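K.L.:
Chain F: place on chain U using the hints.
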Amino acid sequence: MISERIAVEFAGISMKTPVMGASGTFGFGIEYSDFLDLDAVGAIISKGITPLPRPGNPGVRVAETPAGMLNCIGLENPGVDAFKRDILPKVHAACTTPLIVNVSAGSVEEYGQIAADLDVDGVAGLEVNISCPNVKEGGIVFGTQPEAAAAVTRSVKDNTKKPVIVKLSPNVTDITTMAKAVEAAGADAISLINTLTGMAIDITTRRPILGNITGGLSGPAIKPIALRMVWQASKAVSIPILGLGGIVTWQDAVEFMLAGASTVAVGAHNFVDPRAVETVAEGLDQYCKDQGIAHISDIVGQLEA
Amino acid sequence: MKKFVEMATIVENTAIIPEVWKMVFKAPKTAREAKAGQFVNVHRDGGQTFLRRPFGIVDADVDAGTVTIIYRLVGIGTEEMKDLRPGDVLNVEGPLGDGIFTTTPGKVLLAGGGVGLAPLIFLAKQLDHPIVLVAGKTAAETFWTEFFEPYAEEIYVTTDDGSKGIKGFAVDALPTIFSQHAIDRVSVCGPTMMMKTIAEASAKAGIDCEVSMEKRMACGIGVCLGCTFESKRDGKRYKVCTDGPVFSAKEVF
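As given, the protein sequences belong to chains U and F, one line each in that order. Note that the first sequence covers residues 1 to 305 in this note's numbering. Note that the second sequence covers residues 1001 to 1253 in this note's numbering.
So that you can see chain F by itself, here it is in the shape it has in the complex:
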């Protein structure tokens, strides 16, 4: 698919919780082309940052011509983004990534932690009533459930401190989920350790698992080689930006 740059107009930019923001921008071409698992690489022209910043696509509304992203305030780039107001312009490159989520029929478990849950929302919309696992440090970090409610058959929650749902890490919920649902496939996005443990538990249960990788990148289009890794399957090097971001777990762990 052809990549392009679109000058997007901000429609909405609001805090979900103080550290996590939701942005909706008008980018009709991107909205039309976007597939679950892809990302946009955005830049606030004239701002303080030099490089673009990559964000997984949370939703693409073809009729409204809008794209949604959810971002955590982690540095100067995202701090600058939160100051954008409706009507302001964002330079959007995308939709990027040839490695996308599988959307073939089946009972799918979507497992994620933190902003890793963002691209899973777009996937949930395209699946038939997936099972969802939301993992957070505390109850405050589990607001993600509201985004999955319209699409999910059932939502499980884990928190590190036990303030909501099952006390423990995401992987600790898998025995329960696997015993209650006949899962055909797991799609996971979150911290590396979470993806690794879920990939291993899924493999043990004989269930296919795909992971959406996040790595620092400069270009997003396969040029800078900032985001490459060596495949566990064939020893070759793959680019998270263009070969991914979604890979079979066997490729990564």
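Next comes chain U alone, as it looks inside the complex:
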């Protein structure tokens, strides 16, 4: 059983554990209800939702790579209206866990509009995706230019009372510039990292394996990069950080927290172990007990460097 030792408040959202299911790897949570206790999940971060339905990218969308995987799903989702009508009630019928909705849009104005559309009961907060590498419009521009990231953040903040978490792209030269820009624009928290742009080639056909040619790399392969960026960002901003990128075990989660993350999320590993979000949380609880740590937040940012 999970104890109060690991209960946290993150960006104003109360969570039973600091371990969430990362956007795009945890569905809407309900897909995992056969495997784990959804009420023992810190928060469910939804698949990316856009103003209109999106079919996603054609061709091969996932590929295994060393210690990880590439994906180029391209934000396939039913759109915000169908999400509110069909999915939101199902999630709340299944559990009391906070649902953070990950949102993407094609312009600053659309980001504001989707934030307003989701300023409704049952949405605990918004995670603003300014870093999807797999869609042409918007995404990556907002994620790589500090002014554009700030403009999106302001637009979302102006249109919602919910906590706003901005998800940063690792595909930048200096993560601290981006972190500071969104903090100054009013973000309540940041999450990092999204996937790194990568590719894989079939040498027999001499063609890219992915239909979109490039895709987002995730899994244990990116963990060292994610840790480094969380550590850099934590020294640059004072808003709390949700750390993710390659987390498989509770030990990985402890590393992220020592580096400065207040909370963490399990991503691609959910595909391998559908109980991962719960087992990482159980591991953190046991770790606190074994080490005599009064509360998990006591280790946040305690890296001695």
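Hints should not be assumed to be uniformly reliable.
[As the list claims (entries may be wrong)] Derived, one-sided and incomplete: chain F residues facing chain U with beta-carbon distance under 7 angstroms:
hint: 1; residue: Lys1002
hint: 2; residue: Lys1003
hint: 3; residue: Leu1051
hint: 4; residue: Arg1216
hint: 5; residue: Ala1218
hint: 6; residue: Cys1219
hint: 7; residue: Ile1221
hint: 8; residue: Gly1222
hint: 9; residue: Val1223
hint: 10; residue: Cys1224
hint: 11; residue: Gly1226
[Stated by the list, open to error] Simulated DEER-style distance windows between Cβ atoms:
hint: 12; chain 1: F; residue 1: Ile1017; chain 2: U; residue 2: Pro58; range: 31 to 39 angstroms
hint: 13; chain 1: U; residue 1: Gly79; chain 2: F; residue 2: Arg1233; range: 14 to 22 angstroms
hint: 14; chain 1: U; residue 1: Ala305; chain 2: F; residue 2: Asp1234; range: 50 to 58 angstroms
hint: 15; chain 1: F; residue 1: Lys1196; chain 2: U; residue 2: Arg207; range: 17 to 25 angstroms
hint: 16; chain 1: U; residue 1: Ser3; chain 2: F; residue 2: Met1001; range: 31 to 39 angstroms
hint: 17; chain 1: U; residue 1: Asp34; chain 2: F; residue 2: Glu1079; range: 28 to 36 angstroms
hint: 18; chain 1: U; residue 1: Pro224; chain 2: F; residue 2: Thr1138; range: 45 to 53 angstroms
[Stated by the list, open to error] Using 20 angstroms as the maximum straight-line C-alpha spacing, the simulated SDA-like pairs for lysine to any residue come out as follows:
hint: 19; chain 1: F; residue 1: Lys1236; chain 2: U; residue 2: Asn57
hint: 20; chain 1: F; residue 1: Lys1022; chain 2: F; residue 2: Glu1149
hint: 21; chain 1: F; residue 1: Lys1164; chain 2: F; residue 2: Ala1139
hint: 22; chain 1: F; residue 1: Lys1215; chain 2: U; residue 2: Gly59
Since the hints were made in silico from the structure, they are not lab data. If you're wondering where the values come from, they're calculated on a predicted model, not measured in any experiment. Using N, Cα and C, we set each Cβ at its ideal position, and we do this for glycine too.
P.N.:
Just chain F now, kept in the frame of chain U:
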């Protein structure tokens, strides 16, 4: 049906031909729940691969508590699987897929090529003396007939090179089969072009056809959206892993 993970013990893991292997593992819960058309998503914990690998269920023996899969060596995942020995453990998630084969009464043609034939074996066992069509590139790739012999009324074989059975593709055998048997339904699993041509020929003959799809997937439980496709029937998007893997041919082609 509830999905679950079962730590399975390998009972048998042997080559049928050098590139195609048969694995039997003890997974009593999976064996009890499995239905024809469903698949398991397996992982060798501690191995080189990150993701699970999906395989159609070939047989489920409720009494012995075992599940059988047949796999072709195509990459690091399957190469690793072939090194498993009896007693070793495989992490098995399943049985997956809500879209399963139809098992209602009738004279059914089971048509398949390559490892696509694997899930049809499980279906053959549950039907009343189906007609079977085994398509292979060469005679060596038609060993599948032995798996169908206990259940089939008649087995037809095609090979691309004519080294066994009818020379040609699977679809080339359909005129003969349709003229010799009153087929009520066709269930097919194999390469896309094979499924498409058989679906079209069946439609032309006025016979219902269902296809078992294969697409790259990461999760197998409807989350990653790696395996979705747009339905030809209603334009909506369906997931091969949870809505399928078996669909009406009208949905796909």
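K.L.:
Hint by hint, note whether the structure agrees.
P.N.:
To see whether the hints hold, each was checked on the structure:
Against a cut-off of 7 angstroms between C-beta atoms, the interface hint on F/Lys1002 holds, since the closest Cβ of chain U lies about 5 angstroms away. Interface restraint check: F/Lys1003 against chain U, minimum CB-CB distance 4 angstroms, threshold 7 angstroms, status holds. The interface hint given for F/Leu1051 is met, as the beta carbon of that residue sits about 5 angstroms from the closest beta carbon of chain U, less than 7 angstroms. Here the hint on F/Arg1216 is kept, as its CB sits about 5 angstroms from the closest CB of chain U, short of 7 angstroms.
The beta carbon of F/Ala1218 comes within 4 angstroms of a beta carbon in chain U, closer than 7 angstroms, and the hint placing it at the interface holds. Because the beta carbon of F/Cys1219 sits about 4 angstroms from the nearest beta carbon in chain U, less than 7 angstroms, this interface hint is met. Annotation: interface hint on F/Ile1221 holds; nearest CB of chain U at approximately 6 angstroms, less than 7 angstroms. Interface hint status for F/Gly1222: upheld, as the beta-carbon distance to the closest one in chain U is roughly 5 angstroms, under 7 angstroms.
Hint status for F/Val1223: holds, given a least beta-carbon distance of 4 angstroms to chain U, under 7 angstroms. A hinted interface residue such as F/Cys1224 counts as satisfied when its beta carbon comes closer than 7 angstroms to some beta carbon of chain U; here the least separation is about 6 angstroms, so the hint holds. A distance limit of 7 angstroms between C-beta atoms decides the matter here; for F/Gly1226 the minimum to chain U is near 4 angstroms, and the interface restraint holds. Distance hint for F/Ile1017 and U/Pro58: a CB-CB separation of about 35 angstroms, consistent with the stated range 31 to 39 angstroms.
For U/Gly79 and F/Arg1233, the Cβ-Cβ distance of about 21 angstroms falls inside the hinted range of 14 to 22 angstroms, so the restraint holds. Our hint of 50 to 58 angstroms for U/Ala305 and F/Asp1234 holds, since their Cβ atoms are close to 57 angstroms apart. Range check, F/Lys1196 to U/Arg207: Cβ separation about 21 angstroms, and the 17 to 25 angstroms hint holds. For the pair U/Ser3 and F/Met1001, the supplied restraint of 31 to 39 angstroms holds, since their beta-carbon distance comes to about 33 angstroms.
Checked against the hint of 28 to 36 angstroms, the C-beta distance between U/Asp34 and F/Glu1079 comes to roughly 31 angstroms, which is consistent with it. Distance hint for U/Pro224 and F/Thr1138: a CB-CB separation of about 47 angstroms, consistent with the stated range 45 to 53 angstroms. A C-alpha spacing of about 15 angstroms is found between F/Lys1236 and U/Asn57, which places the hinted pair at or below 20 angstroms, so the restraint holds. Distance hint between F/Lys1022 and F/Glu1149 is fulfilled; the C-alpha atoms sit about 17 angstroms from each other, no more than 20 angstroms.
Straight-line distance between C-alpha atoms of F/Lys1164 and F/Ala1139 comes to about 5 angstroms, which keeps the hinted pair within the 20 angstroms bound. Of the supplied pair hints, the one linking F/Lys1215 and U/Gly59 holds, its CA atoms being roughly 10 angstroms apart against a limit of 20 angstroms.
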